[in-house]
Amino acid sequence: MKILTGNDLSSGDVIWWAGDGWSRQVGDSADVGDRGDDLARAEEAALRVVGAYVIDATITDDGVRPAHIKDRIRALGPTVRPDLTLKPNDADAGNWVI
Amino acid sequence: MVEFLSFRDGEATQEPAVTVESFTGQSNATAVRIEPGEDARELLPHLTRLSLIEVNFPAYGDGRGYSAARILREAGYTGELRAVGDVLVDQIVAMRRCGFDSFHPAKALDDAAVDRALNRYDDVYQKAIDGRSPVWAKRHPEKIDG
Amino acid sequence: MYRYDSYDQSIVDARVEEFRDQTQRRLSGALTEDQFKPLRLMNGLYLQLHAYMLRVAIPYGTLSGKQMRKLGEIAAKYDRGYGHFTTRQNLQYNWIKLADAPDILAELATVEMHAIQTSGNCIRNISSDQYAGVSADEIADPRPWAELLRQWSSFHPEFTYLPRKFKICVIASDDDRAAMRLHDIGLKLVSKDGVIGAEVYAGGGMGRTPMVAPLIRDFVPEEEIISYLEACLRVYNRYGRRDNKYKARIKILVHEIGVEEYKRQVEEEYAHMRTLGLNPPVEELDRIRAFFAPPAYETDLSDAIDRADPAFALWVDRQVVAHKAPGYAIVNISLKPLDGIPGDASAEQIARIADLAERYSLDELRVTHVQNLVLPHVKKADLPAIWQALEEIGLAEANLDLITDIIACPGLDYCALANARSIPLAQKIAQRFAEAERQAELGELKVKISGCINACGHHHAGHIGILGVDRRGVENFQLSLGGSGAEDASLGQITGPGFSEDGVVDAIEKVTDLYLAERESGERFLDTYRRIGMKPFKEAIYG
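The listed protein sequences derive, respectively, from chains S, W and A. Each residue of the first sequence is one higher than the one before, counting from 1 in the working numbering. Each residue of the second sequence is one higher than the one before, counting from 1001 in the working numbering. Each residue of the third sequence is one higher than the one before, counting from 2001 in the working numbering.
If you are wondering where the hints come from, they were derived from the structure by calculation, not from laboratory data. Note that the coordinates shown come from a computational prediction; the quantities given were computed from them, not determined experimentally.
Just some of the chain A residues that point at chain S, by a computed CB distance under 10 Å: (1) Arg2026; (2) His2050; (3) Met2053; (4) Asp2413.
Simulated DEER-style distance windows between Cβ atoms: (5) Leu84/S with Ala1012/W: 54 to 60 Å; (6) Arg1116/W with Pro2384/A: 53 to 59 Å; (7) Leu47/S with Asn2454/A: 27 to 33 Å; (8) Ala1012/W with Phe2291/A: 43 to 49 Å; (9) Ser2006/A with Arg48/S: 41 to 47 Å; (10) Asp1039/W with Pro88/S: 57 to 63 Å; (11) Thr1078/W with Asp2137/A: 51 to 57 Å; (12) Asp2193/A with Glu1003/W: 55 to 61 Å; (13) Gly2496/A with Arg1116/W: 56 to 62 Å; (14) Glu2539/A with Asp83/S: 40 to 46 Å; (15) Arg1008/W with Thr2275/A: 24 to 30 Å.
Every residue, glycine too, gets a C-beta built ideally from N, C-alpha and C.
Same shape as in the complex, but just chain S (with noise of 0.2 Å):
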């Protein structure tokens, strides 16, 4: 599937795309088919998001489970501080972007 990301404009948090709105979770994200570049045109435009770019992902037992490390790293956040991620209860979340 493709999937849509970006940062908010104004606090920068990590969004996704997830069909009538952004999430700050990778799991909501919808798939945008072809509609990605105008839907971040349209987003960009309305100030709601800022370096928003399409990327792969596929659906796995997990959820949604973005194509490359990066964007990985990006839905949960940085592996070397789990209290600072999404998941900072879950020991074994790091594993999950490798």
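Starting from the known structure of chain S, arrange chains W and A on it as the hints suggest.
Frame of chain S; chains W and A shown alone:
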């Protein structure tokens, strides 16, 4: 919105600027346009007959035009020195300091933003072309002759 | 330390308001991201993997307790409770909100700090020797020069849209603790017939085409340094490549046209620049120098150190170096606890170190390019109290210049440019070599890790260097040996095919085992490598 900005007295030069190549090839033109890769020093023998030198900024990030401007002013050029192309409001102060005295940006500038930019800094750290006294001169007035 | 006068303060304050204006224009949509990006970068604001990142300048790595405390307060108030000290003697916050950035800059301005030109294609923070002013081997304190250059380079009207970034370093000792020759321009202060001036090196750098800077002038007198640098920069601004950002640094220009031709052009431009009255009067450098006059050291202090506690004695032997004043010492604070993140410090640690600086170090701190901190003026009698305080905050590691004193860039855990993670690898190496006796046995061994070719982790200059690459979506690491950022500057050579994260730790172990087997008396790892060459190391790793 500001389409054209001039800090010169009187009318802006209207003559269309020619390329450096056609200018140095014996043209009678009195207005010339420098592109980023061109050597401003080629114009130095002809400064007295020039009334307008345009320096083109095809992209704001290409800073060669700042050096071109200073070189021309350092050589004593007193005619109109115009920045054209991708000239943004946040660059005008630095361009003024390098000797530009008119601006024809590809996209018009916001008047209020121009005003704020021009009046933002009371002091500067370097001696440049605009005659502003750098802070080191203000700190040591006895060392700087009037 | 330098203190702002009303001119300096008003310029920095104006910059805060300018950036507030720019930020508002961005948030209101008047500026697109393409237009805003160069403006925010020139204030050190990046968009990184997880958030905006703000890089705060610590000019020539010197700061006061009050400034340090402010850095900690900002970390607690606007970030997520910590900051990261970098290889350019700066501090980075990783979790900044765009809307907060102007307020953060305003807070920094209250303690005479800023983020001006910490990114962008302009002259960056001037770096220097962390022992400036306190080491016995310097010819003069390099920091007044660095401050003069800070002011000259701030908002320079001609050199703000250079082909690429531009880094300048000033040192004044034969021992190079600041990787001077790996800068775009390096100045080394020297004395000639009793007059102080600078040797000038140009065209050094790391990145994808590392180069050690050649000498381009053996003496520029102090009263003409500005006009000389204007000449160097003008030639670069006019003729540096702009067609390819990877070939745009001055090192490529100097390499492509040749050192002699670059020198010739600079000399020609310098002859012209000298006629323009660009140099501040010598009284200005004297004015700045007065701020860096040696503090009033106490006299008749004892040089005795009670070494009864072996852990304390070990720390003293490793972290404390000679100060030029009797009874005083220079204390290095390791930001490399074995399970920590190189260069990171929590808001609480930052506050405690600020206290230590105020109480024990004449209110002064330094940041090193190796991502450690320095208390430059410590009475030897106070060493036990400092050690104890550092123990309490987990920063009493005794590993200066040892294999666990690793430089690591933020890597793929934080950085949008990275190809691989640097920090977890640094932690694995530190764990493998954790045993203190083993580290001491290996002696000086500088390990430097970069997560991508941009080389923020200085891997080219590592005795052992590691470069993270992306091999079909998997992190992979290339090992290099034999680099040095010191006065014997050299560039590391790649050993061969890359490794997995665990594989590179194993390879380092093979390399260090070979060193222990082969070394002759008194040889550091680097010396042995230089004597016996790459071949035996290659065989040990891949054989």
